[in-house]
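Peer 1: Okay, here's what each chain looks like letter by letter:
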Amino acid sequence: MAAQGDHGSPVLADQEQPQWRQQWQQFAESRRAWLALWVIVILLLAALFAPVIAPQNPYDLTQIDLFDGRLPPGSVGESGFIYVLGSDVQGRDMLSAMLYGLRNSLFVGVLSAVFAVGIGVCLGLIAAYAGGWIDALIMRIVDFMLGFPTILVALVLLAVLGQGVGKVILALVIVQWAYFARAVRGIALVERRKEYVEAAMCLNLGSARILFHHILPNCMPPVIVIGTMQIASAISLEATLSFLGLGLPITEPSLGLLIANGFNYLMAGLYWISVFPGLLLLVAIFSLNVVGDRLRDVLNPRLQR
Amino acid sequence: MHDGPPIVELRDVSKRFAQHHDFADRVAALMTRKALVDAAVLAVNDVSVSIARGEVLGLVGESGCGKSTLGRIVAGIIEPSEGEVLIDGTRQSAMSSEQATRAALDVQMIFQDPMSSLNPRKRVIDIIGEAPRVHGLVSRAELDDYVCMQMERVGLDPTYRQRLPHQFSGGQRQRIGIARALAVRPRFLVCDEAIAALDVSIQAQVLNLFIELRASLDLTYLFISHDLSVVEHVSDRVAIMYLGRIVEIGPTDAFYAAPNHPYAQMLLAEVPRLGGGARDYTPVPGEIPSPMDPPSGCHFHPRCPHVSARCRSEAPVLKPIAEGRMAACHLNDQR
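Here the protein sequences line up with chains A and B, keeping their order.
Going by this note's numbering, the first residue of the first sequence is number -12, and it counts up by one from there.
Going by this note's numbering, the first residue of the second sequence is number 2, and it counts up by one from there.
In isolation and in its complexed conformation, chain B is listed as follows:
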């Protein structure tokens, strides 16, 4: 790991998706005499996290918990409603336009669906080469060689650069997506369920590619996944998200040895392990509540076995529980 400011830092970041009512809605509401409800989802709720250079942070949560939204905020695709994103300790607003462009290119994203994340009408050479050309990273004359180099680096045969995405398999398409991101020389990759849509055999290959690239290109990752065993394999630190909030964050080894938050404990108890023999499957009880109408206090309290009156009224904040570990649970105050 490196010293210096964290490569990416989120400060009190929230993202609210509100449903907007247009004129027709308002007229309809007026005529039916029903009050308009401003439905809003707080997909990311006051999250602060910093990611050091060279680190891999695994972000885990059930679907709908806001982890993809958080990833998109980090990648600059979505603007946060509140809070700020710092790249190398610098605010976006404090940057010159060249710096802002460089900062935007420094953080790239690998997407979940290898089919829809590639423009079906562009050839591989254009998919990979467009952004470096537009941003002047390579000249027109060098472009062909540059794209070939990018393709070789992710394990693709450069002779296929004139083909269209639909002519490749899922794993190959994901490699094209990785090459596209690496072509603008980023220092940080947000991998949003980057291997979840692939066959299990291909998952291992792409995962290993990520690990290789990290070593050879000195990359930092935010590795978003719902799969705890994958995250354990690649991450230095793990963050657990539940309904828009980070409930626990800490070093991978310590976390997997003894998860602190009840939600993390329940998730981890269900990770299949080799050699454990036959075991009853007990899912985390209850369902993930609607993010439109989250439970009061601690969002996890309706499903928590240790629930108390305080959990129903007061939301716990992330507090240090050990060296480099934080968790948001009232139980920690009693110990």
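One chain only, chain A, in its complex shape:
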């Protein structure tokens, strides 16, 4: 063998740590994103443990007292219960109602985004890998879906399907998968031309393995970014639908429905019924968008320093 210089230790420098740790450190450099991530984690935990931490079950009629209705924030009710954020017309504790509403909103948002990612990623990969008329067909459907205003499609779907958590999720998935399909197809088209895919073909690894073990992992960073953003837009879309009366049923209210409930009393000075759920919704969506923005900066190799 010629000189041995090429043998020594790999070039290390700051690359000693695995890639994800570097990216995590880079992510945390932005205090805003760091804070937003914590807010999301706290909101998720609050939503998950809503039945435990909520002072009251707002949908258990034995626990609410009509005489405690319309109390402003900080009031003490007939039974000595303190309504930290006030109560609504039926005497529900707003804090508890918001925790339950957040639970429903996040559940619908996350679940619909997960399904939309699953469908969109599969179709995008297939379109990119198969090419030809399959590609053309899938992408024309995508164009068709993206050509209509999201809210219009969702409204029509829900008008046809009727109410219910499952139906809302279905409607959200139908209006959202196209974004993922388009994004994944674009990235997969770039990745499949790279030499490591040719190497895998040469090693006879099989289409499914190449598609899901080689190309897909390299498409994930942008999918994660769009996914985060789409959870936020799914939540706000669901809130919009609920506000319009087409979203979740009244028995499982989301933040949007709470806002709609209080809307009628806003002009009567009962601001807390609408404003507090609205603020919570704002915080949740804003945090998700901040995290999504930061993820895009960190995961985009072209922005790497």
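Don't take each hint at face value.
Computed footprint of chain B on chain A, listed as stretches where at least three residues anywhere in the stretch have a Cβ under 8 Å from a Cβ of chain B [what the hints assert, rightly or not]: (1) 172 to 185; (2) 201 to 209.
Calculated lysine to aspartate or glutamate pairs in the DMTMM-like style (CA-CA distance at most 20 Å, straight line) [claimed, not checked]: (3) K181(A) / E80(B); (4) K181(A) / E194(B); (5) K320(B) / E10(B); (6) K181(A) / D114(B); (7) K181(A) / D127(B).
I should point out that these hints are in silico values taken from the structure, not numbers from a laboratory.
Bear in mind that the values here come from a model prediction, so they are computed numbers and not experimental data.
For each residue, glycine too, the CB sits at the ideal point set by N, CA and C.
Model the placement of chain B on the given structure of chain A, informed by the hints.
Peer 2: Just chain B now, kept in the frame of chain A:
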């Protein structure tokens, strides 16, 4: 060299890359009343060549001449549009599925870009070990030792097998690519500009690795390069390609002593040599024509100093000019 059928034989292989028009193109063409032009590139044009066991065939040409496409056809990554590829004298269609898998693994490829040819999200142990695992060449228990052995063979420290490609230098990455190919026990390697992207000092190391591996593993190479001096160093035979056609093929010594085809002569005249002193640089005149619209007759005629009327109309075919040598030039008919 060995007797028996050539390890790889190409018969009248062509590869056409056509631009497909989709529905939107057709509508647009209809509306603007412009005829659709079916642009097609004949990247490989009727190439027949056979490579004997244990031989190193150097394939040389300017960029865009189709040498990488030819390499990919040999490696089975691209299907030829016409013609056939025979492995050990057997057609792909005549093989059972196990035979076809073995034949596919027998021919492996080393790529030019050591960065993009390794999956950035896989660890070295997975990059090298995936294919042997999938094809059942090693059991799960033996995999770790097997990968270590492959890494040692190409001069990599096996303790780094848990690292990711970006943690290695260019030369080391190329060694990982070589180990990945060797892990499926191939008999034939297509090296597509395998050292062109490396530093000059590393080029010599990797080139020597190829030469060592050839001796120890009884490998056959198709060594694709644009660098004539590298090819002279490693090859037994040399093939010169121009715009999709092989214009000359012959034993390395005879070819470098007296190239026959005018294009080969001009290429060789520009190889820098030690001890020649200062020299004027005269590039091959003209540029390589667009492969979308190649010149009529002999593709080289617009740049050839010996051009005649016949060259413009009639494409020369490869004809034997000496023992084991062939060239495609009309000048040979006049001698």
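Peer 1: Which earlier hints turn out false for this structure, listed by number in ascending order?
Peer 2: none
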